[in-house]
Every structure is written in C-alpha cells, then in structure tokens.
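Take the sequences, apply the hints, and build the full model.
Chains A and B are the protein sequences, given in the same order. Throughout the first sequence, residue numbering follows this note's numbering, covering 3 to 205 in sequence. Throughout the second sequence, residue numbering follows this note's numbering, covering 2 to 588 in sequence.
The hints are simulated quantities; they were obtained by calculation from the structure and are not laboratory data. Certain hints may be false.
[Claimed, not checked] Heads up, incomplete: computed chain A residues facing chain B, CB under 7 Å, no partners named:
no.: 1; residue: Pro34
no.: 2; residue: Ile56
no.: 3; residue: Val57
no.: 4; residue: Asp63
For every residue, glycine included, the Cβ atom is placed at its ideal position computed from N, Cα and C.
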Amino acid sequence: MNRFDGTPDLIPVHVAVNSEPKISHRSSGLYPMFLLAVLATVMMLFAAFTAALIVRRTGSDWVPVQIPSVVWLNTVFIVTSSIFLECAKKAFSRGSGSQASLWLGYSIALGVLFLIGQLIAWSVLIDQGFLLSTNTHAAFFYMLSGVHGAHVLGGIGVLVWTLRRALVGAYGIDQYRGVAHAAIYWHCVGAVWIHLLVLLSIT
Amino acid sequence: MSSAHAGLPFWRRYIFSTDHKVIGIQYILTAVFMALVAVGLSVLIRMQMTWPVRLWPIMEQLLPTAYEGGALKPEFYLTMVTMHGTIMVFFVISLALVSGVGNFIIPLQVGARDMAYPFLNMLSYWTIVPACLIMLASFFVEGGAAAGGWTSYPPLSALPGALPGSGLGQTLWILGMALFIVSFTMGSLNFATTILNLRTKGMSLMRMPLTVWTLLVSSVLGILAFPPLTAAAIMLLLDRHGGTSFFLPEGLVVGGNVLAYEGGTPLLFQHLFWFLGHPEVYVLVLPALGIAFDVVATFGRRPVFGYRTTVWALIVAAVLSMIVWGHHMFTSGMNPYLGEYFSIVTVLITLPFAVIGVNLIASLWRADLRLTTAMLFAIGIISAVGTGGLGGLWLGTAASDIYFHSSVFVVGHFHFMIGVVTSFGIFAAIYYWFPKTFGRHMNETLGKIHFWLTISSVFPAFIGMHYLGLGGALRRVYDPTYYEYVRPLQEMNVWITFLLFISIAGQLVFFVNLFRSLFWGTKADANPWEGATLEWTTPSPAPHLNWNEPPTVYGGPYQYRVNGVGGYVPQHTPPEEVECWVGPHEG
Numbered sequence: 003m004n005r006f007d008g009t010p011d012l013i014p015v016h017v018a019v020n021s022e023p024k025i026s027h028r029s030s031g032l033y034p035m036f037l038l039a040v041l042a043t044v045m046m047l048f049a050a051f052t053a054a055l056i057v058r059r060t061g062s063d064w065v066p067v068q069i070p071s072v073v074w075l076n077t078v079f080i081v082t083s084s085i086f087l088e089c090a091k092k093a094f095s096r097g098s099g100s101q102a103s104l105w106l107g108y109s110i111a112l113g114v115l116f117l118i119g120q121l122i123a124w125s126v127l128i129d130q131g132f133l134l135s136t137n138t139h140a141a142f143f144y145m146l147s148g149v150h151g152a153h154v155l156g157g158i159g160v161l162v163w164t165l166r167r168a169l170v171g172a173y174g175i176d177q178y179r180g181v182a183h184a185a186i187y188w189h190c191v192g193a194v195w196i197h198l199l200v201l202l203s204i205t
Numbered sequence: 002m003s004s005a006h007a008g009l010p011f012w013r014r015y016i017f018s019t020d021h022k023v024i025g026i027q028y029i030l031t032a033v034f035m036a037l038v039a040v041g042l043s044v045l046i047r048m049q050m051t052w053p054v055r056l057w058p059i060m061e062q063l064l065p066t067a068y069e070g071g072a073l074k075p076e077f078y079l080t081m082v083t084m085h086g087t088i089m090v091f092f093v094i095s096l097a098l099v100s101g102v103g104n105f106i107i108p109l110q111v112g113a114r115d116m117a118y119p120f121l122n123m124l125s126y127w128t129i130v131p132a133c134l135i136m137l138a139s140f141f142v143e144g145g146a147a148a149g150g151w152t153s154y155p156p157l158s159a160l161p162g163a164l165p166g167s168g169l170g171q172t173l174w175i176l177g178m179a180l181f182i183v184s185f186t187m188g189s190l191n192f193a194t195t196i197l198n199l200r201t202k203g204m205s206l207m208r209m210p211l212t213v214w215t216l217l218v219s220s221v222l223g224i225l226a227f228p229p230l231t232a233a234a235i236m237l238l239l240d241r242h243g244g245t246s247f248f249l250p251e252g253l254v255v256g257g258n259v260l261a262y263e264g265g266t267p268l269l270f271q272h273l274f275w276f277l278g279h280p281e282v283y284v285l286v287l288p289a290l291g292i293a294f295d296v297v298a299t300f301g302r303r304p305v306f307g308y309r310t311t312v313w314a315l316i317v318a319a320v321l322s323m324i325v326w327g328h329h330m331f332t333s334g335m336n337p338y339l340g341e342y343f344s345i346v347t348v349l350i351t352l353p354f355a356v357i358g359v360n361l362i363a364s365l366w367r368a369d370l371r372l373t374t375a376m377l378f379a380i381g382i383i384s385a386v387g388t389g390g391l392g393g394l395w396l397g398t399a400a401s402d403i404y405f406h407s408s409v410f411v412v413g414h415f416h417f418m419i420g421v422v423t424s425f426g427i428f429a430a431i432y433y434w435f436p437k438t439f440g441r442h443m444n445e446t447l448g449k450i451h452f453w454l455t456i457s458s459v460f461p462a463f464i465g466m467h468y469l470g471l472g473g474a475l476r477r478v479y480d481p482t483y484y485e486y487v488r489p490l491q492e493m494n495v496w497i498t499f500l501l502f503i504s505i506a507g508q509l510v511f512f513v514n515l516f517r518s519l520f521w522g523t524k525a526d527a528n529p530w531e532g533a534t535l536e537w538t539t540p541s542p543a544p545h546l547n548w549n550e551p552p553t554v555y556g557g558p559y560q561y562r563v564n565g566v567g568g569y570v571p572q573h574t575p576p577e578e579v580e581c582w583v584g585p586h587e588g
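As structure tokens, this is what we get:
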C-alpha cells in the first residue's frame with residue numbers, strides 16, 4: 003500500500019528527516035522574480051512579431067524600404083544610455099549619490115533622445131511616401147518601433163522614478179537594487195531594439 | 002477581520018479591495034454574471050439547432066433586432082456562437098477557475114498573508130470589469146457583436162464589411178480581449194511571484210498542494226502564451242483601421258468590389274492565435290485537475306498517489322502544450338511533414354495526461370471515501386477528463402482530424418474538456434472552500450441534486466455531439482437540417498437540447514443552494530473537512546491577512562491516514578508532536 007509513491011503516510015522517518023524548515027525568507031527574491039516574469043512577456047511579444055515578420059516577408063508584395071539612417075544614431079543613444087546606467091550603478095556602489103543621479107539623468111535624456119529620433123525616422127519614411135497602408139515592410143517598421151517605443155517609454159518612467167528616489171537619498175552603498183532592476187529592464191529593451199534593427203535591415 | 006481592515010471604509014473593503022480573498026470572490030461573482038449571459042446564448046443556440054425553421058413571436062418581442070418577423074437572423078446566430086465561446090472561455094472559466102479560485106486559495110495554501118502585489122491584484126480585477134462591459138456593450142452597437150467565431154480568423158475579423166458583426170462589434174471584441182489579456186497577464190505575474198517567493202517557512206516546492214502547482218504552471222503558460230495573441234491583436238487592429246495587409250491576401254472581393262490588400266496571409270493569424278489558444282486550454286484544465294487532487298486526498302483520507310510524478314507530468318504537459326498548436330489547423334493548409342510533427346507531439350501529450358489520470362484514479366484506491374458534493378465533482382472531473390480526452394486522440398491525429406475538423410465532434414470534445422472538466426473544477430472548489438470563504442456549509446442534499454442533475458445531462462449531451470459529428474454534422478451551421486445527409490440525425494439535436502434544460506435546472510438548484518447557504522447555512526468550524534493543508538489553520542471565514550504569523554511547515558500536503566484510518570497530520574505539525582506513525586489499517 004502506497005509503497006510506490008513515496009508519500010509520507012507510512013514512514014515516520016519522513017517527517018524526522020524534513021523536520022528542519024528548509025527555506026527561510028524568500029521575499030528578497032521577489033523583485034527579480036517579478037522582473038523575470040515581466041521580461042518573459044516582453045520577449046514572447048517580440049518573438050511573435052519576429053515570427054510574423056519572417057513569415058510575412060515571403061509575401062508576393064514585399065518591397066523592402068531603406069530604413070532611415072537616423073535609427074543608427076538612435077541605436078548609439080540607447081546603447082550609450084545603458085552604459086550610463088551602469089556608470090550610475092558604479093557611482094552608487096562608491097557611495098557618491100550625486101554623481102549617480104547625474105548619470106541617471108544623462109541616461110534618461112538619451113532615452114528621450116532615442117524616442118525623438120524614432121519619431122524623426124517615422125517622418126522621414128512618411129516623406130518618402132511609405133505609409134502603413136502602402137508598404138508592408140514600412141508597416142512593420144512603424145509597428146515594431148511603435149510597440150518597442152512604448153516599452154522604452156515605460157522604462158523612462160521607471161528611470162525617472164529611480165532618479166526621484168536617488169535625489170531624496172533613498173539609495174545607499176549596498177542599497178540600490180531599484181536601479182539595478184531598472185537597469186536590467188533597460189538593457190533588455192535596448193537588446194530588443196538591436197534585434198529589431200537587424201531584423202528590419204536584412205532585406 | 003483584523004482591526005486594520007475593519008477600519009477601512011466599505012468601498013475599500015469590498016469594492017476597491019486589495020484583499021486577495023475579496024478579489025477572488027469578486028472574480029467569481031463577475032464570472033457568474035457573465036455565465037448567465039453565455040448560458041442564455043447557449044439556450045438560444047440550442048433552440049435554433051432544434052427547431053431551425055420555427056417562428057418565435059415571443060422572441061420577436063423580447064429581441065426584436067435578432068428575431069425579425071419571429072425568425073432568428075442568420076447573422077445573429079453567428080454572433081451568438083462567437084460570443085458564447087468568447088465569454089465562456091475568457092470571461093467565465095478563466096475568471097472563475099484561474100483568477101477567482103487562484104486568488105482566493107494561493108496565499109492561503111502557501112502560507113502568505115496576501116498576494117505579492119496586492120495593488121496590482123486589485124488593478125487586474127478592475128481591468129477585467131471594463132473588459133466585461135465592453136464585451137456586453139458590443140451586443141448593442143450597430144451590426145451587433147462580433148460574429149467571426151471566437152477564434153476571430155481574418156478576413157471575417159479583419160474586414161469591417163465582411164459580416165454585420167465585423168464592424169464596430171469586432172473592434173469592441175478586440176478591445177475587450179486586449180483588456181482581458183492585460184488583466185490576465187498582471188494576474189499571472191502576481192500568481193507566479195506569490196507562489197515562488199512568498200511561501201512560508203518550510204513550504205518547499207515539493208510540499209505545495211497540487212492546486213498551487215497547477216496554478217503555477219497555468220500562470221507560467223499564461224505569461225508565455227498571451228503575448229503572441231497581443232501581437233496578433235495589434236496586427237489585426239492595424240489591418241482593420243490602418244490599411245495594412247498583414248493578414249489580408251490579394252483578390253478579396255466584398256460587395257462586388259475587389260479590395261486593395263495584397264500579400265497578407267490569414268494563416269499567420271491562425272498560427273499566432275493558436276499559439277495562445279492551445280496553451281490556454283491547459284491554463285483552464287490543469288487547475289481543475291489540481292483541485293481534483295486536493296479534494297480527492299481530503300475526502301479519500303489517503304495521500305495522493307505519485308505526487309512527484311504528477312508534478313513532473315504537469316510540467317511536461319505544459320511544455321508540450323506550447324508546441325502542438327498546429328493541430329488546430331490541419332485543414333488550413335500545411336506541409337504534410339509539419340502536420341506529421343504536430344500529430345506526433347499532440348499524441349505525446351497523452352503520456353503526461355495518462356500519468357495524471359492514473360495518479361488520480363490510484364488516489365482513490367482503497368480510499369475511505371467520504372462522498373461529499375465536492376468529492377462527487379472531483380470524481381466527475383476524473384471521469385470527464387478520461388472520456389473527453391479520448392476524442393482528442395482522433396482530433397490530434399491529422400489523418401482523422403481532416404474528417405472531424407469543423408464538425409460537431411469537435412464541439413463535443415472541447416465542451417467535455419473546457420466545459421465539463423473546468424466547470425466541475427469550479428463547483429468542486431466552491432463546495433470544498435465555501436466554509437473557508439463564508440464560514441458556513443453549503444447544503445449537501447441540494448449539492449448532490451445539483452451534481453446528479455448536471456452529470457446525468459452533460460455526459461450524454463456531449464457524447465451525443467460526438468455522434469452527430471461522426472455522422473458529418475458541421476458546427477456553426479444556421480440550419481442543421483439544411484444538408485440532407487444529416488437530417489436523420491436531427492432527433493439527436495432535440496435530445497441534446499432537452500438535456501441542456503435538465504442541466505440548467507441543476508444549476509438553478511446550485512444558485513438556490515449558494516444564496517441559501519450564504520445566509521442560513523450551518524456554521525462551519527476552522528477545519529470542517531479535516532484537511533491537512535494550510536488554509537484550514539485559519540478561522541472560517543479566513544480573516545484579513547490570514548495569519549498574524551504564517552505557520553511553519555514541516556511536511557507534505559497530503560499526510561492522511563497516518564495515525565490509523567482517517568487520522569491526519571496537518572502540514573504545520575512539528576515532528577515532535579506527531580505521536581506515532583502506524584500503517585493504514587493497523588490503527
């Protein structure tokens with residue numbers, strides 16, 4: 003009876019063996035876990051768009067457009083912004099909160115510049131006569147940069163929030179997890195952009 | 002109620018509440034309301050299936066736009082099948098079984114004082130309310146609600162002029178679904194983080210009750226599978242309103258005019274939809290199985306058979322569920338080798354499900370059955386999973402699916418799996434945890450009448466649909482007697498409708514029982530079923546924040562039959578307090 007399933011009904015030893023509570027407080031891992039789950043949804047969203055683009059590219063009407071060159075500048079902005087965030091983390095770890103706030107501010111400014119640059123790219127495409135309805139490659143560019151831009155906008159919101167907390171001195175030498183988590187999200191969003199850029203540039 | 006909670010005004014305690022138990026009840030009540038609409042639609046659908054050419058002067062007075070001249074308009078029939086499916090899958094079963102039961106039971110079973118993010122939890126409920134309202138409002142706009150099927154395949158869903166319901170109704174459908182996805186994703190994030198991070202001391206993963214395990218697997222599936230549907234919805238909206246042709250091929254003719262779209266492929270939407278659609282089925286079915294395990298253990302007074310193999314089978318089933326979506330599209334056109342792949346991996350799913358099913362049945366082996374209503378529904382789940390699962394073998398194999406596709410066989414199959422199994426899961430959960438929720442028992446006699454009326458009607462009804470499908474009857478057909486070759490089967494439709502009314506009578510008994518028990522049910526103590534899991538360590542009803550200090554856990558969730566027959570050791574009992582451990586029939 004029950005000897006196959008290893009459940010603890012007959013074996014007094016079972017309880018004795020496991021008598022020590024195995025796991026103490028796990029709540030310190032809460033934010034990383036939440037972040038991981040959020041990033042999973044972001045990755046799956048862009049994975050689906052990637053699959054859609056690869057499939058749709060084989061359509062008979064596919065005419066590639068020249069992606070406006072301003073996006074390369076935007077890419078430099080978002081990559082540099084990520085580097086500045088790491089600088090902010092470094093500054094926090096050295097204990098210089100004001101220096102860190104400065105890096106955070108630069109990082110946010112570059113994020114905003116990235117978004118403005120993306121809008122310029124849109125206007126360049128529109129000037130060339132490529133609209134949502136006239137070219138599917140351009141439609142993918144508008145859609146993917148738009149959805150990605152929404153994620154960047156969310157990231158800027160989080161960074162502004164961390165900057166506000168930094169300015170009131172909420173972070174210390176070993177207490178800047180909020181910035182570290184925001185940085186992970188920001189790096190991932192930047193990486194998604196590079197992936198999208200490669201995907202949209204290969205014609 | 003703790004003083005902190007009692008001090009809050011009424012609207013913070015019961016309306017905009019962050020308490021997981023209140024939110025769970027809110028979800029279930031919302032689902033009950035939406036179920037009334039969806040069941041109402043199913044009655045109208047069955048009336049049409051049974052008496053397709055009859056005129057209904059009464060209905061013309063009740064629903065003048067749908068029954069012009071007393072005859073049901075064909076486009077409204079399509080709206081009804083579309084909205085019945087959408088509401089049932091997303092706004093009844095998902096809400097009640099996953100969001101509702103999950104919210105209520107996860108913190109209680111893992112030993113947490115609330116969800117990891119209570120505010121996010123409130124936000125996800127208050128995102129689903131406008132989603133429900135938008136779905137309901139779409140019935141009243143010009144052209145009526147969406148009519149392109151619950152799957153919303155383009156071009157019917159992408160061209161505003163394709164059907165009357167493809168206009169504003171379809172736009173509202175997409176909007177309502179988008180809000181649902183946002184809400185469900187927030188809920189899944191909360192569930193997964195709560196289960197993984199807020200377990201009490203000693204509650205290792207392998208000591209979690211199986212309900213929590215299934216809800217964890219469901220949450221992870223939700224997190225991974227819903228975003229692709231979001232992508233599809235964005236592209237569908239752009240096709241509808243932005244003039245793109247992601248899903249629209251060239252040469253489409255609407256109203257005699259050739260449309261300007263070119264190069265798009267409706268198949269792409271089908272892939273994206275079913276990449277969500279198939280895992281979604283598991284999101285719904287697995288929690289019902291988890292509840293069955295918990296209920297069977299408590300009322301069988303023995304540990305579940307094969308706890309660890311069940312956990313691994315759940316994980317394997319979840320992984321497989323994400324790579325089998327193509328079996329919904331065998332007739333849509335696909336490389337035969339790809340079809341072969343999808344057939345093989347689909348049939349592979351029988352392995353983990355066989356493990357889960359056998360473990361459930363083995364958990365009843367030599368059990369000291371206490372046949373409460375909750376236990377009856379749990380056993381009903383086992384039966385329905387086995388019976389309904391058989392149809393899946395035919396549908397999962399490309400060769401036979403090509404015959405069965407779009408037939409009533411499919412309708413019978415999925416009503417077994419995500420109709421009967423899941424609703425039995427909801428009922429088992431409600432009967433089982435009602436004392437913990439409201440501090441009162443539900444009436445057992447009425448409960449058993451409810452169970453027997455339900456199971457005796459839904460089984461023959463849905464098995465009957467399998468036979469109709471074998472005979473070649475197609476689904477979503479306005480007049481089932483239109484094709485001569487299925488006319489001899491029409492009597493089956495009459496029977497199925499008759500059985501539906503018996504089933505509805507059963508649900509009326511349930512409603513009477515529910516509201517009667519809320520006010521006049523016999524009082525329940527903290528652990529009325531002698532359960533070993535953590536939720537039974539709180540008073541009934543469970544107070545706000547559950548425990549001042551959550552209990553420490555020392556053992557597994559199913560330590561029954563330890564001190565002789567019927568004895569049990571609650572999870573939080575320290576080993577030094579367990580006096581003696583003897584065999585099942587030695588005590």
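Hint-by-hint comparison with the structure:
1. Hint on proline 34/A is violated. Least Cβ distance to chain B is approximately 9 Å, over the 7 Å limit.
2. The interface hint given for isoleucine 56/A is violated, since its Cβ lies 10 Å from the closest Cβ of chain B, which is over the 7 Å cut-off.
3. Look at valine 57/A: its Cβ gets to within about 5 Å of chain B, closer than 7 Å, so that hint holds up.
4. Hint on aspartate 63/A holds. Least Cβ distance to chain B is approximately 3 Å, under the 7 Å limit.
In this structure, the hints that do not hold are numbers 1, 2, in rising order.
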